[in-house]
Structure formats: C-alpha cells, structure tokens
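Protein chains: 2
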Amino acid sequence: MGKIDITKVRTRTGSGYPSPYDEPMAGRSRKPLGDAAGLTQFGVNLLLLEPGAWSSQRHWHTGEDEFVFLLSGEVVLVTDAGEEVLQAGDCAGFPKGKRDGHHLVNRSKSKAAVCLEVGTRADVDFCGYPDIDMIIDSKVGKYTHRDGTPYPPKRSRTLGAPKPKKAAKAMKKKAK
Amino acid sequence: MGKIDITKVRTRTGSGYPSPYDEPMAGRSRKPLGDAAGLTQFGVNLLLLEPGAWSSQRHWHTGEDEFVFLLSGEVVLVTDAGEEVLQAGDCAGFPKGKRDGHHLVNRSKSKAAVCLEVGTRADVDFCGYPDIDMIIDSKVGKYTHRDGTPYPPKRSRTLGAPKPKKAAKAMKKKAK
Numbered sequence: 003m004g005k006i007d008i009t010k011v012r013t014r015t016g017s018g019y020p021s022p023y024d025e026p027m028a029g030r031s032r033k034p035l036g037d038a039a040g041l042t043q044f045g046v047n048l049l050l051l052e053p054g055a056w057s058s059q060r061h062w063h064t065g066e067d068e069f070v071f072l073l074s075g076e077v078v079l080v081t082d083a084g085e086e087v088l089q090a091g092d093c094a095g096f097p098k099g100k101r102d103g104h105h106l107v108n109r110s111k112s113k114a115a116v117c118l119e120v121g122t123r124a125d126v127d128f129c130g131y132p133d134i135d136m137i138i139d140s141k142v143g144k145y146t147h148r149d150g151t152p153y154p155p156k157r158s159r160t161l162g163a164p165k166p167k168k169a170a171k172a173m174k175k176k177a178k
Numbered sequence: 003m004g005k006i007d008i009t010k011v012r013t014r015t016g017s018g019y020p021s022p023y024d025e026p027m028a029g030r031s032r033k034p035l036g037d038a039a040g041l042t043q044f045g046v047n048l049l050l051l052e053p054g055a056w057s058s059q060r061h062w063h064t065g066e067d068e069f070v071f072l073l074s075g076e077v078v079l080v081t082d083a084g085e086e087v088l089q090a091g092d093c094a095g096f097p098k099g100k101r102d103g104h105h106l107v108n109r110s111k112s113k114a115a116v117c118l119e120v121g122t123r124a125d126v127d128f129c130g131y132p133d134i135d136m137i138i139d140s141k142v143g144k145y146t147h148r149d150g151t152p153y154p155p156k157r158s159r160t161l162g163a164p165k166p167k168k169a170a171k172a173m174k175k176k177a178k
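Protein chains in written order, with our numbering: chain F, 3 to 178; chain C, 3 to 178.
In case anyone wonders, no lab produced these hints; they're calculated from the structure.
Heads up, some of the hints might be wrong.
Intra- or inter-copy, both count: the list cannot distinguish identical chains.
SDA-like, lysine to any residue: derived pairs with alpha carbons at most 25 angstroms apart [as the list claims (entries may be wrong)]: (1) K5 - P34; (2) K100 - A83; (3) K10 - S110; (4) K141 - T42; (5) K33 - S74; (6) K5 - S110; (7) K10 - T81; (8) K33 - L73; (9) K113 - D92; (10) K10 - K100; (11) K10 - E119; (12) K111 - P26; (13) K98 - D127.
Model the full structure from these sequences, guided by the hints.
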C-alpha cells in the first residue's frame with residue numbers, strides 16, 4: 003500500500019566524493035525514501051548525521067532546489083553568511099541558481115541528528131563547491147577539478163556500489 | 003540567512019475547491035515553507051490537520067510526484083487499496099501517473115496532526131478526483147466537472163485570496 007516501510011529501505015553510508023573530500027561524510031547515512039516510493043522528480047532522504055558528520059561538502063546547484071527539515075538533534079547550517087543552529091522543527095531551503103554554498107554539520111560529541119532532505123532531480127545541473135577544488139557538471143557526470151581534470155578512480159567503495167563481499171561473490175559467479 | 007522563520011510564514015486555511023468539496027478542509031492549514039525559501043521546482047508545506055480534517059479530496063496527478071511525512075499526531079491514509087494508519091515518523095509517496103487517489107484524514111476527536119508535504123510544481127499536470135465529479139487540468143487552470151463544465155465562482159474566500167477586511171481596504175484604496 004502507500005505507506006513506506008522504512009525498515010526495508012536500504013541505508014547508504016558515506017559519500018561518493020573523491021578522497022579526501024569524502025572523509026567528513028563517513029558518519030553520514032541516508033535512506034532514500036522517495037526512491038522507495040517510486041518518485042523520480044525529486045529525492046527525499048532520511049539523513050542521519052553521527053556526531054561530527056557533515057551532510058555534504060558546502061555546495062550549491064544551478065538546476066536543483068533543495069530543502070532540509072530537522073527531525074531530531076541539532077546541526078549547524080553553514081552558508082556564505084556564516085553559521086546558524088538548526089534544532090528539531092527548524093528548516094531551510096536553497097533555491098537553484100543561488101550560488102551560496104551550504105551544508106549541515108553535526109557538532110555534537112554524543113548525539114546523532116536526523117533530518118529530512120529534499121532535492122530536485124534535474125537533467126541539467128552544475129554543482130559548485132566553494133571551499134574545495136571540485137565541481138560536478140551533469141554534462142560530464144562525475145566529480146572533476148574546477149578545470150575539468152578528472153579525479154583518479156576511488157579505491158574505497160563508492161556510494162551505491164555493491165559491498166566488497168557481494169562484489170567478490172558477483173565476480174566469482176561471472177567467472178564460472 | 004538560510005533558516006526559515008516559520009513564525010513569519012503566513013498560514014493558509016481552508017481550500018480553493020468549489021463548494022461543497024471544500025468543506026472537509028475547513029480544519030486544514032498550510033504554511034508554505036518552500037515558497038518562503040524561494041523554491042520553485044517543488045512545494046513544501048507544513049500541514050496542520052485539526053481533528054476531523056482532510057488533507058485534500060482523494061486525488062492523483064499525471065505530472066507531479068508527491069510525498070508526505072507525519073511529524074506528530076495520527077492520520078489515516080486512504081488509497082484505492084484501503085486504509086492505513088500513519089503515525090509520527092511514517093511516510094508515503096505518490097508517483098506521478100499512478101492513478102490511485104490518495105488523501106490523509108485525521109480521525110482523532112481531540113488531537114491535531116502535523117505533516118510535511120512535498121509536491122512537484124509541474125507546468126503540465128492533470129489532477130483527477132475519483133470520488134467526486136471534479137478535475138483540474140493545467141491547460142484550463144481551474145476546477146471543472148469531469149466533462150469540462152466550469153463550477154460557479156466561489157462566494158467564500160478562496161485559498162490565497164486576501165482576507166475580507168484586507169480586500170475591502172484594497173478596494174477602498176482603489177476607489178480613492
């Protein structure tokens with residue numbers, strides 16, 4: 003029926019950013035609720051930030067609106083204008099085309115934060131990261147330096163890729 | 003800065019449906035959080051359903067994904083398949099093109115329910131209401147009978163229209 007069984011939605015932990023930019027997201031987990039319901043126009047994630055974790059590198063989109071609503075815990079929203087604390091019930095939105103890098107940081111030493119994040123799925127988008135030498139252009143489809151030079155392939159598991167054990171099993175199966 | 007001051011977001015109560023289809027929404031209030039942040043690709047509303055109130059007439063969209071996440075209280079989600087209870091932390095999604103009429107009903111006699119609702123803003127959409135003789139086609143831009151015949155203009159205040167006092171003041175000003 004219509005209700006999403008959250009317990010059955012696969013959790014994705016970490017980030018597909020090239021190393022070392024993925025490190026602050028080691029304690030970030032997402033459950034893609036919108037995907038679970040078959041939505042395609044926007045994504046909705048149940049986002050868990052362990053103490054110290056970031057929601058992302060600070061970024062902005064040319065083609066995708068974004069929205070976050072804090073469900074529990076406390077995070078710091080960082081934008082060009084500075085820092086603001088978000089508590090349960092607080093929310094923020096980031097219109098496409100506004101080149102103001104934003105992200106959430108859980109500065110708590112003991113308490114996780116849980117957030118609902120919504121973002122458009124646009125065919126054409128450019129995402130800029132004001133603090134680091136990284137961009138992603140939908141025409142290219144992968145993270146590059148600002149001059150377009152690609153990053154070397156990641157050695158560690160990337161977001162959405164099969165777990166090492168599963169991948170080994172699949173390769174074994176293929177080899178038979 | 004980025005955080006939305008929810009206390010400053012205007013509450014819209016009731017529905018723009020033609021009478022009497024607007025009656026079950028008399029106890030429905032929305033705060034358009036996404037609009038407050040300048041988002042245009044999808045809407046995000048903080049939806050309050052007083053005891054007895056419905057989120058909408060049961061409906062489906064051809065062009066717009068929808069998603070709801072219950073923040074507090076309890077509602078019944080009604081779809082073609084039947085009824086399901088949603089409690090705080092439960093959610094549901096409704097992909098565009100799936101012609102399964104859905105809505106939320108607060109059957110509590112004393113407790114309001116609060117929900118976050120997200121919906122795409124599509125240029126082209128058709129919305130069907132399986133339980134009543136009403137449709138809305140983006141090509142027409144207003145509620146009509148299924149055969150396209152328009153409904154008479156509403157006497158009562160429609161959604162988003164100025165409050166009677168304000169409207170009277172504006173007319174007075176214009177007359178000067």
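Evaluation of the provided hints:
In this assembly of identical chains, the alpha carbons of K5 and P34 lie at most 25 angstroms apart whether taken from the same copy (14 angstroms) or from different copies (23 angstroms). In this assembly of identical chains, the alpha carbons of K100 and A83 lie at most 25 angstroms apart only when taken from the same copy (13 angstroms versus 42 angstroms across copies). In this homomeric assembly, K10 and S110 never come within 25 angstroms of each other (Cα to Cα): the closest approach is 28 angstroms inside a single copy and 29 angstroms across copies. For a Cα distance limit of 25 angstroms, the shortest separation of K141 from T42 qualifies both inside one copy, at 19 angstroms, and across copies, at 23 angstroms.
When the C-alpha separation of K33 and S74 is checked against a cutoff of 25 angstroms, the pair qualifies both within a copy, at 16 angstroms, and between copies, at 20 angstroms. Proximity of K5 to S110 under the C-alpha cut-off of 25 angstroms is restricted to the inter-copy arrangement: shortest distance 19 angstroms between copies versus 32 angstroms within a copy. For the identical chains of this complex, K10 and T81 are inter-copy neighbours only, at 21 angstroms across copies versus 34 angstroms inside a copy, given an alpha-carbon limit of 25 angstroms. For the homomeric pair K33 and L73, the shortest alpha-carbon distances inside one copy (14 angstroms) and between copies (17 angstroms) are both at most 25 angstroms.
Proximity of K113 and D92 under a CA criterion of 25 angstroms is satisfied in both settings, with 17 angstroms inside one chain copy and 22 angstroms between copies. With identical chains, the CA atoms of K10 and K100 are at most 25 angstroms apart between copies only, with a shortest distance of 22 angstroms across copies and 36 angstroms within one. In the homo-oligomer, the alpha carbons of K10 and E119 lie at most 25 angstroms apart both inside one protomer (19 angstroms) and across protomers (22 angstroms), since each shortest distance falls under that limit. Taking the closest pair of Cα atoms, K111 and P26 come within 25 angstroms of each other only inside a single copy of the chain (14 angstroms); across copies the shortest separation is 47 angstroms, beyond that limit.
Within a single copy, K98 and D127 get their C-alpha atoms as close as 9 angstroms, and across copies as close as 22 angstroms, so both meet the 25 angstroms cut-off.
The structure is inconsistent with hint 3 alone, although it conforms to all the rest.
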